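Protein chains in written order, with the numbering used here: chain A, 427 to 628; chain B, 427 to 628; chain C, 427 to 628; chain D, 427 to 628.
Any given hint could be a false lead.
One copy or two, it doesn't matter: identical chains are merged, so the pair holds either way.
Capping the alpha-carbon separation at 30 Å, the derived lysine-lysine pairs in DSSO-like fashion look like this [as the list claims (entries may be wrong)]:
1. 453 to 539
2. 565 to 539
3. 565 to 503
4. 503 to 539
5. 453 to 503
6. 453 to 583
7. 565 to 453
8. 583 to 503
Just so you know, these hints were derived from the structure itself, not from any lab. Source: prediction; values computed, not measured.
Protein chains: 4
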Amino acid sequence: MKENARIEAFSDGVFAIAITLLILEIKVPPHDSIHSIDDLWNGLIRLWPSYFAFFLSFGIILVSWVNHHYLFNILIKSSRHFLYANGFLLMTITFMPFSTALLAEYIGTDYVKPAVAFYCFGGVVNSAGWYLLLVTIHKPVRLISMGINEDMVAGVKRSTLMGMFVYIGTTALAFWFPIVALIINLLLWIVWITLSINAKSD
Amino acid sequence: MKENARIEAFSDGVFAIAITLLILEIKVPPHDSIHSIDDLWNGLIRLWPSYFAFFLSFGIILVSWVNHHYLFNILIKSSRHFLYANGFLLMTITFMPFSTALLAEYIGTDYVKPAVAFYCFGGVVNSAGWYLLLVTIHKPVRLISMGINEDMVAGVKRSTLMGMFVYIGTTALAFWFPIVALIINLLLWIVWITLSINAKSD
Amino acid sequence: MKENARIEAFSDGVFAIAITLLILEIKVPPHDSIHSIDDLWNGLIRLWPSYFAFFLSFGIILVSWVNHHYLFNILIKSSRHFLYANGFLLMTITFMPFSTALLAEYIGTDYVKPAVAFYCFGGVVNSAGWYLLLVTIHKPVRLISMGINEDMVAGVKRSTLMGMFVYIGTTALAFWFPIVALIINLLLWIVWITLSINAKSD
Amino acid sequence: MKENARIEAFSDGVFAIAITLLILEIKVPPHDSIHSIDDLWNGLIRLWPSYFAFFLSFGIILVSWVNHHYLFNILIKSSRHFLYANGFLLMTITFMPFSTALLAEYIGTDYVKPAVAFYCFGGVVNSAGWYLLLVTIHKPVRLISMGINEDMVAGVKRSTLMGMFVYIGTTALAFWFPIVALIINLLLWIVWITLSINAKSD
Numbered sequence: 427m428k429e430n431a432r433i434e435a436f437s438d439g440v441f442a443i444a445i446t447l448l449i450l451e452i453k454v455p456p457h458d459s460i461h462s463i464d465d466l467w468n469g470l471i472r473l474w475p476s477y478f479a480f481f482l483s484f485g486i487i488l489v490s491w492v493n494h495h496y497l498f499n500i501l502i503k504s505s506r507h508f509l510y511a512n513g514f515l516l517m518t519i520t521f522m523p524f525s526t527a528l529l530a531e532y533i534g535t536d537y538v539k540p541a542v543a544f545y546c547f548g549g550v551v552n553s554a555g556w557y558l559l560l561v562t563i564h565k566p567v568r569l570i571s572m573g574i575n576e577d578m579v580a581g582v583k584r585s586t587l588m589g590m591f592v593y594i595g596t597t598a599l600a601f602w603f604p605i606v607a608l609i610i611n612l613l614l615w616i617v618w619i620t621l622s623i624n625a626k627s628d
Numbered sequence: 427m428k429e430n431a432r433i434e435a436f437s438d439g440v441f442a443i444a445i446t447l448l449i450l451e452i453k454v455p456p457h458d459s460i461h462s463i464d465d466l467w468n469g470l471i472r473l474w475p476s477y478f479a480f481f482l483s484f485g486i487i488l489v490s491w492v493n494h495h496y497l498f499n500i501l502i503k504s505s506r507h508f509l510y511a512n513g514f515l516l517m518t519i520t521f522m523p524f525s526t527a528l529l530a531e532y533i534g535t536d537y538v539k540p541a542v543a544f545y546c547f548g549g550v551v552n553s554a555g556w557y558l559l560l561v562t563i564h565k566p567v568r569l570i571s572m573g574i575n576e577d578m579v580a581g582v583k584r585s586t587l588m589g590m591f592v593y594i595g596t597t598a599l600a601f602w603f604p605i606v607a608l609i610i611n612l613l614l615w616i617v618w619i620t621l622s623i624n625a626k627s628d
Numbered sequence: 427m428k429e430n431a432r433i434e435a436f437s438d439g440v441f442a443i444a445i446t447l448l449i450l451e452i453k454v455p456p457h458d459s460i461h462s463i464d465d466l467w468n469g470l471i472r473l474w475p476s477y478f479a480f481f482l483s484f485g486i487i488l489v490s491w492v493n494h495h496y497l498f499n500i501l502i503k504s505s506r507h508f509l510y511a512n513g514f515l516l517m518t519i520t521f522m523p524f525s526t527a528l529l530a531e532y533i534g535t536d537y538v539k540p541a542v543a544f545y546c547f548g549g550v551v552n553s554a555g556w557y558l559l560l561v562t563i564h565k566p567v568r569l570i571s572m573g574i575n576e577d578m579v580a581g582v583k584r585s586t587l588m589g590m591f592v593y594i595g596t597t598a599l600a601f602w603f604p605i606v607a608l609i610i611n612l613l614l615w616i617v618w619i620t621l622s623i624n625a626k627s628d
Numbered sequence: 427m428k429e430n431a432r433i434e435a436f437s438d439g440v441f442a443i444a445i446t447l448l449i450l451e452i453k454v455p456p457h458d459s460i461h462s463i464d465d466l467w468n469g470l471i472r473l474w475p476s477y478f479a480f481f482l483s484f485g486i487i488l489v490s491w492v493n494h495h496y497l498f499n500i501l502i503k504s505s506r507h508f509l510y511a512n513g514f515l516l517m518t519i520t521f522m523p524f525s526t527a528l529l530a531e532y533i534g535t536d537y538v539k540p541a542v543a544f545y546c547f548g549g550v551v552n553s554a555g556w557y558l559l560l561v562t563i564h565k566p567v568r569l570i571s572m573g574i575n576e577d578m579v580a581g582v583k584r585s586t587l588m589g590m591f592v593y594i595g596t597t598a599l600a601f602w603f604p605i606v607a608l609i610i611n612l613l614l615w616i617v618w619i620t621l622s623i624n625a626k627s628d
């Protein structure tokens with residue numbers, strides 16, 4: 427228990443820092459490009475790709491943290507396999523400020539396709555990290571009480587796989603319809619939050 | 427309890443990081459613009475907008491954290507609604523290093539109006555986040571003990587609404603008198619701290 | 427107890443972030459200024475002001491954290507006054523990455539005096555923050571058990587005042603002998619660590 | 427126990443922040459250098475030194491954190507010597523975002539040797555920090571229960587010394603074969619993780 431408490435604390439730290447570093451990608455309109463009040467208003471409006479990317483990634487990391495939080499609630503111990511799988515998952519979270527900045531920089535340009543494909547591929551790797559973490563709950567050491575929460579873990583595994591397939595799909599889609607791929611990403615976590623909110627709260 | 431402990435830990439992380447990232451907006455006077463000791467002194471003095479913006483936002487985030495801290499003291503459990511409302515509130519906090527940097531960049535220029543209006547509007551959204559969070563204390567699941575602390579929550583709701591109206595007012599005011607709007611912001615949290623310090627300490 | 431636990435967690439977060447952000451002031455020698463392997467070695471060596479400033483500030487924040495840690499060990503509750511005094515202290519800690527970057531930029535130049543004076547003045551404000559925090563331990567609410575640890579608090583108050591006078595002295599000294607002022611700063615925390623290590627460990 | 431809890435929390439904060447700040451060294455390909463979709467793909471591919479350096483340092487800090495975590499599990503109290511030795515260790519961790527950025531900048535250039543040597547030397551200092559920390563477990567105050575875990579501490583000491591010698595070796599090797607030195611670094615922590623995963627999990 428105490429052991430898991432510290433893994434949670436470290437993970438919370440990484441989640442909290444990654445989610446807060448997202449703001450560093452939104453750059454103040456540089457002073458020397460502003461020659462009137464309207465310029466500054468336009469400069470702030472032209473930052474919409476940054477606002478959007480910030481909002482999207484904030485939502486994704488928040489949902490990840492909530493899921494992480496509920497997963498840890500049912501664990502009764504940890505293992506080294508779990509520890510390193512968790513580390514890999516955190517690496518995919520830590521990577522998000524970069525792919526978010528990439529998205530923000532190119533979403534409003536002619537070069538949006540690589541940026542969106544890269545971003546969605548990050549989702550594939552993140553899902554793989556989740557799946558790996560879920561596998562280590564049973565192997566090599568059982569980390570949950572026998573017979574309890576099996577359904578829940580199985581359910582999370584299924585939705586993780588489903589999420590992975592959606593991200594694989596949006597990664598491919600990004601080569602033709604990047605904006606559609608992005609909107610699917612956005613819907614994915616809005617649906618996720620809505621569904622989970624309407625599920626029986628614990 | 428344990429559940430809330432982790433939400434607190436994550437929230438504390440976000441508050442602590444957002445408040446510390448504020449310092450990144452204060453830029454050291456660039457070496458190539460400094461040709462004498464007096465130049466450096468002047469460079470440090472000309473940073474006053476940055477110091478002011480840092481001080482203002484530090485105070486606002488600190489007051490937010492203190493309130494968050496007292497609110498969690500009376501909760502006995504959490505819900506998914508509460509979790510996501512808290513996430514939205516944290517997003518408005520995370521946004522502050524950007525609006526602070528914007529303020530610092532333009533407060534001493536002719537283009538101060540958009541910067542102050544944007545900053546004050548951030549306060550409106552933040553107040554809305556607080557209000558949303560307070561609503562989830564009763565709906566859909568009751569998160570405080572029956573009959574206890576109802577007055578306190580009602581009181582906090584009232585002052586949150588009042589704060590929101592002040593921020594709406596200063597956002598509008600910023601289009602004509604940005605400096606006055608800023609001073610009201612500054613007074614708002616100084617008054618808040620003074621009042622809360624003089625209230626019966628718990 | 428639980429209340430103080432969360433103040434500690436928030437404070438630890440701010441200390442940990444401020445101490446880690448120090449590294450951001452050390453900039454990698456820019457690629458376009460490097461034309462040979464020796465250039466890169468020289469570039470790394472010419473970063474000595476940054477290494478020194480990093481080392482100095484890391485030490486000061488670490489000592490502050492250790493003291494903060496021991497102070498909280500003897501507290502049995504908190505008050506709003508204490509909470510805001512602690513917030514002010516944290517603001518002076520949060521400020522350090524800026525004054526450290528300033529020091530690193532100008533320590534090896536002809537404009538070292540303002541940088542050192544500014545840095546030392548930060549120490550004055552930090553000491554004032556400590557003193558204020560120590561005052562709130564007794565007023566308006568008593569935060570330590572009656573009759574216990576009074577000597578310790580009185581002792582810490584004395585050394586805080588002493589530290590403040592040293593910083594006032596080095597701030598003044600920096601206008602004539604900035605390097606001497608810096609060395610005194612460095613010695614101050616080395617002496618502090620040595621003394622506290624040799625004191626009866628608890 | 428409570429005391430150690432706070433040292434753990436502070437250390438976890440520093441580990442979590444240092445590991446997350448690594449992402450800041452990966453810079454989005456600048457917009458003005460991109461003139462076609464292929465340019466952006468190439469720009470993302472040319473970032474491989476940054477990805478590699480991120481991955482390497484993430485692994486090293488993660489392994490460090492895991493070891494730190496297991497070490498604290500066996501401690502029953504702390505001392506000021508231990509506290510400052512831990513602070514020194516954290517300083518070497520905090521330094522990693524800089525040496526990682528240095529590595530990322532120069533790994534694909536003709537000037538790779540100083541960057542790798544500097545990076546490996548950071549490993550030497552980090553190992554020295556670990557060794558110092560392990561020494562303070564017995565001196566001046568015993569921080570583990572008599573007769574228990576002695577073998578484990580002795581074993582960790584041995585592997586720390588071995589790690590230090592490997593890093594000294596790779597630092598020297600970097601002057602002739604920097605890439606080989608880097609690969610040894612990479613293997614070192616992959617072997618470490620593999621070994622520790624296959625060891626009896628606790």
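Give the relationship of residue 453 and residue 503 under a CA distance limit of 30 Å: within one copy only, between copies only, both, or neither. Result: close neither inside a copy nor across copies, 43 Å intra and 38 Å inter.
First find the shortest C-alpha distance between residue 565 and residue 503 inside one copy, then the shortest across copies, and answer within, between, both or neither for a cut-off of 30 Å. within (13 Å within a copy, 32 Å between copies)
At most 30 Å between CA atoms: does that hold for residue 565 and residue 539 within a copy, between copies, both, or neither? So residue 565 and residue 539 fail the 30 Å test inside a copy (39 Å) and across (42 Å) alike.
Under a CA distance limit of 30 Å, which applies to residue 503 and residue 539: within one copy, between copies, both, or neither? neither (43 Å within a copy, 44 Å between copies)
Is it within a copy, between copies, both, or neither that the alpha carbon of residue 453 lies no farther than 30 Å from that of residue 583? For residue 453 and residue 583, neither the intra-copy (38 Å) nor the inter-copy (34 Å) Cα distance is at most 30 Å.
Quick one: residue 583 to residue 503, C-alpha cut-off 30 Å, is that within a copy, between copies, both, or neither? Both ways: residue 583 and residue 503 sit 19 Å apart in one copy and 27 Å across, limit 30 Å.
Is the C-alpha distance from residue 565 to residue 453 at most 30 Å within one copy, between copies, in both cases, or in neither? neither (45 Å within a copy, 38 Å between copies)
Identical-chain pair category, residue 453 with residue 539, by Cα at 30 Å: both (22 Å within a copy, 18 Å between copies)
Of the numbered hints given earlier, the model fails hints 2, 4, 5, 6, 7; all others are met.
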